[in-house]
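K.L.:
One letter stands for each residue in the lines below.
Number of protein chains: 4
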Amino acid sequence: MTDSIRVSVVQLDEYGPWTVEPAPRRETDLQALQARLYADFADFVGRSDGYAFFNRFDNMLGIANDVDTDEYERFQERVRNRYPVTVSVGVGERETPVGAVEAASRQLQVAGSAQDPDRLEVLSAGPTTDSAGPITVGHFDIVGVTESFTDTEHAAAAGLEIQQSMVALKRRLLAEYDSIAQFVGGDNMIAVCPQLSEDAFGDIVDHVYDRTGVEYQVGIGSGATAHVAGGRAKRALEHCRETGTRVHEAVTARQQADD
Amino acid sequence: MTDSIRVSVVQLDEYGPWTVEPAPRRETDLQALQARLYADFADFVGRSDGYAFFNRFDNMLGIANDVDTDEYERFQERVRNRYPVTVSVGVGERETPVGAVEAASRQLQVAGSAQDPDRLEVLSAGPTTDSAGPITVGHFDIVGVTESFTDTEHAAAAGLEIQQSMVALKRRLLAEYDSIAQFVGGDNMIAVCPQLSEDAFGDIVDHVYDRTGVEYQVGIGSGATAHVAGGRAKRALEHCRETGTRVHEAVTARQQADD
Amino acid sequence: MTDSIRVSVVQLDEYGPWTVEPAPRRETDLQALQARLYADFADFVGRSDGYAFFNRFDNMLGIANDVDTDEYERFQERVRNRYPVTVSVGVGERETPVGAVEAASRQLQVAGSAQDPDRLEVLSAGPTTDSAGPITVGHFDIVGVTESFTDTEHAAAAGLEIQQSMVALKRRLLAEYDSIAQFVGGDNMIAVCPQLSEDAFGDIVDHVYDRTGVEYQVGIGSGATAHVAGGRAKRALEHCRETGTRVHEAVTARQQADD
Amino acid sequence: MTDSIRVSVVQLDEYGPWTVEPAPRRETDLQALQARLYADFADFVGRSDGYAFFNRFDNMLGIANDVDTDEYERFQERVRNRYPVTVSVGVGERETPVGAVEAASRQLQVAGSAQDPDRLEVLSAGPTTDSAGPITVGHFDIVGVTESFTDTEHAAAAGLEIQQSMVALKRRLLAEYDSIAQFVGGDNMIAVCPQLSEDAFGDIVDHVYDRTGVEYQVGIGSGATAHVAGGRAKRALEHCRETGTRVHEAVTARQQADD
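Order-wise, the sequence lines are chains W, A, V and X.
Those letters in the first sequence? Residues 1 to 259, per the working numbering, in order.
Those letters in the second sequence? Residues 1 to 259, per the working numbering, in order.
Those letters in the third sequence? Residues 1 to 259, per the working numbering, in order.
Those letters in the fourth sequence? Residues 1 to 259, per the working numbering, in order.
A couple of the hints might just be wrong.
Chain X stretches covered by chain V per the calculated footprint, using a threshold of three residues with CB under 8 angstroms from any CB of chain V [said to hold, decoys possible]:
| id | segment |
| --- | --- |
| 1 | 95-102 |
| 2 | 147-154 |
| 3 | 227-234 |
Computed far set for chain W versus chain X, every beta-carbon distance over 12 angstroms [stated by the list, open to error]:
| id | residue |
| --- | --- |
| 4 | Ala-157 |
| 5 | Arg-172 |
| 6 | Ala-200 |
| 7 | His-207 |
The hints are simulated quantities; they were obtained by calculation from the structure and are not laboratory data.
The structure displayed is predicted, hence computed values, not measured ones.
Just so you know, even glycine gets a beta-carbon here, dropped at the ideal spot from N, CA and C.
Using the sequences and the hints given, assemble the complete structure.
P.N.:
The following block contains the structure:
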């Protein structure tokens, strides 16, 4: 069996034009709309043990092996009945996260431009299997962030330094490991990866430290769903926090996932 | 009269520990919680024509000249009655946005660590005036983003490239112009600035293009509140989109703001 | 095969005490909390084609044949991670809606009082089958409500008259037909019923008219889930609105439901 | 100074047609939409120490002496930017709550029918003063409800019996005392009243007991805003719960309100 991962891209339809028609809408209303739509999407995929990444807010990512394509119709219906905007959804499944995002994005791109007024509520999927999985999740955070940043630097400077190191981390994961990553608040970054060794994660953490001086630790977990893999990664990260280890993989994760 | 700007830092109390006690909580639930709390904060400051930046989600920023310190008690009450977490709020007012964030952050830092179990629901403000304002807002977006990124690159790559250029933009604004900035979705970045010339904004856009190859345009507006200034900035940005101008300031903005 | 219907009772744990400790909480915050929790519950059962009734808000009902008992754990987890309160859930399945509510309520009552501080996050189900269904839904509304009430009476008087007739309708359904009903906004009442004839619905509508002078029309539908049955009922009600018929059953509903 | 009270009626525009076009929308989505819109309205008036009544959901009431007419524009803007529906608002101020609801309703009725496709986002107010207030609030609940209903009867029967007594209570308040009332969850009813004596409240409680056999207790408070009056009423109700008194008025409420 080959590993595979199923990803969805959720794109707001004609959102740019809507934000300025008939006149520019109030910024806090737009921010609140995007945040609530993301929260709803997180709830939606979370119901099936998936993960959601806000990405650019108007283009969100779902990592959801257990959500069938037609279940997204229910999400599209909910958005249509709850918000003044609609969404299109592309679904892709491939061996790597980046491959899956490419496949899902392609589904939407071939259906038309994101600002094409006729491209509304598209739902389009490439080939999927019944056996997507397992997934590997790396949950990163910054060693000693409260002491080093939150309690000592002002909020904007701390936010920027953290964000810069996150971009370096994300870039490394994407370019070298076909992995996708998302800042998930505070000093936390979650990566969805193909099967990678602890050594690979060690190299990633070292690379970011060399480039930015910010030291990350990472817990690693694998499982049939993002939630299961991510839960193991979080517990592995707790182990790092307690022991000072920089990289820790939940030991039997891969074997368990293969069950 | 000296310009001044009032900023609030909203910090979740003991949030890190809460997310892992008694066991790590489901990631999508945490994501949804943070996003909804941010949406509520955006609504709250938006009611008084302010702006909200999600920053790190567990440390949000409010740009809200017209929100008095004691009004934040109502926000703290609402959070306490609606969420399983509470928030502390620091308020600062200074001549520049960065100065104000420093002052607001300092209010919280002197009250105790963000992870101090006894530091709950702090509300603390430095000196404020009755005459905060005016504010200058720069609303940036990327020239031709739909054609260059959304419709041609996969969602994760497009997201990363945009994010990298945003970090360069944010860094420049913070380091050279005492300004704070926030990615607000899509390809949009909003900066809150001291009074800056069109030339200064031109230099910023050029700098980011030189460093990252991503070309921004920016609309600039000033006004008594973030909403008024930001509304003018958005309309100025519409002018950029229509004419191909890279930098445009709402002409009478500063004069109007002085009224 | 015997028809059966599966119902859940969702009860806020120790909610009364919480609303007044350490001091009475702001009423609008409590109202907003209850309404959002209900909206979330509606979304939750709606995902599986169920219906939600707000009932007393602190005791809500779910009509959800396709939600297994263990899926409610996910709802309990979501509430715990999102709100300052928790919920207990009882599940019952019987031949009639009232029987199912009794069975579900009993599950909670045997676990302890709603205000027992030790009775938190109970999840308890009586016997359930794999073949719950079909369900019959009656969707009632008031003939000519906009002309008779909304546009001619003040909002409080119109609300009271409508509510009085709804109580009469609900009482009749409960006492004579083992059915449960819920006001769902405007002039709409939804009843979940055992299999009843059009004549029975006609008697119900006549009874309410005799008692209160308010004339209802009703669309009737049956199906494997509340959503399917209710969708047919809504379309049947559209038929009433168009033709002036007071009672209309989607013709092949029962047969289709038996498929 | 004559007492006066300011009330708003918030009406969803063309909501009935929207719920069935192009086809009947999913019931749980409608329920969730209405509940969230109500929660947002409660937050909105709550920010200014007002109260919100859901009434019929598509026709809500705001008791908000301190919300000026033009502030409702902000609420209308928020709804337009957040939901797929819009709202019209009528504002009225009179000596009694019923008078104020009549005045507010009239503002909308003269503007056109609730289902007139051209009557969108109306905002219309009758004469208002700068000195609305004070307000008297009666907070009622049922003596021993947990033992008598929640823990002993099934959820649907308990809900119905409570609702029947609430309708009797509401009817009495409306018909005899020019007061408006709303079920606010559990066994709680909140009434907004002109200045009434403790004896009058005693008569009301007796009347409902005679008619329905359900025994209420009531705490009474007055104040400049619904929140202040309601807070006093809640504390007075706590006094009833502790002492067994059926009617209790916060002693200095009226005097304090006159300050």
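K.L.:
Now look at each hint and say whether the structure bears it out.
P.N.:
Here is how each hint holds up against the structure:
1. 95-102: That given contact holds, which follows from 4 residues of the segment 95-102 of chain X lying within Cβ reach (below 8 angstroms) of chain V.
2. 147-154: Per the Cβ count (5), the hint holds.
3. 227-234: holds (count 4)
4. Ala-157: Its Cβ never comes within 12 angstroms of chain X, the nearest being 32 angstroms, so this holds.
5. Arg-172: holds (38 angstroms)
6. Ala-200: Holds, since 44 angstroms exceeds 12 angstroms.
7. His-207: At roughly 42 angstroms from the nearest Cβ of chain X, W:His-207 sits farther out than 12 angstroms, so the non-interface label holds.
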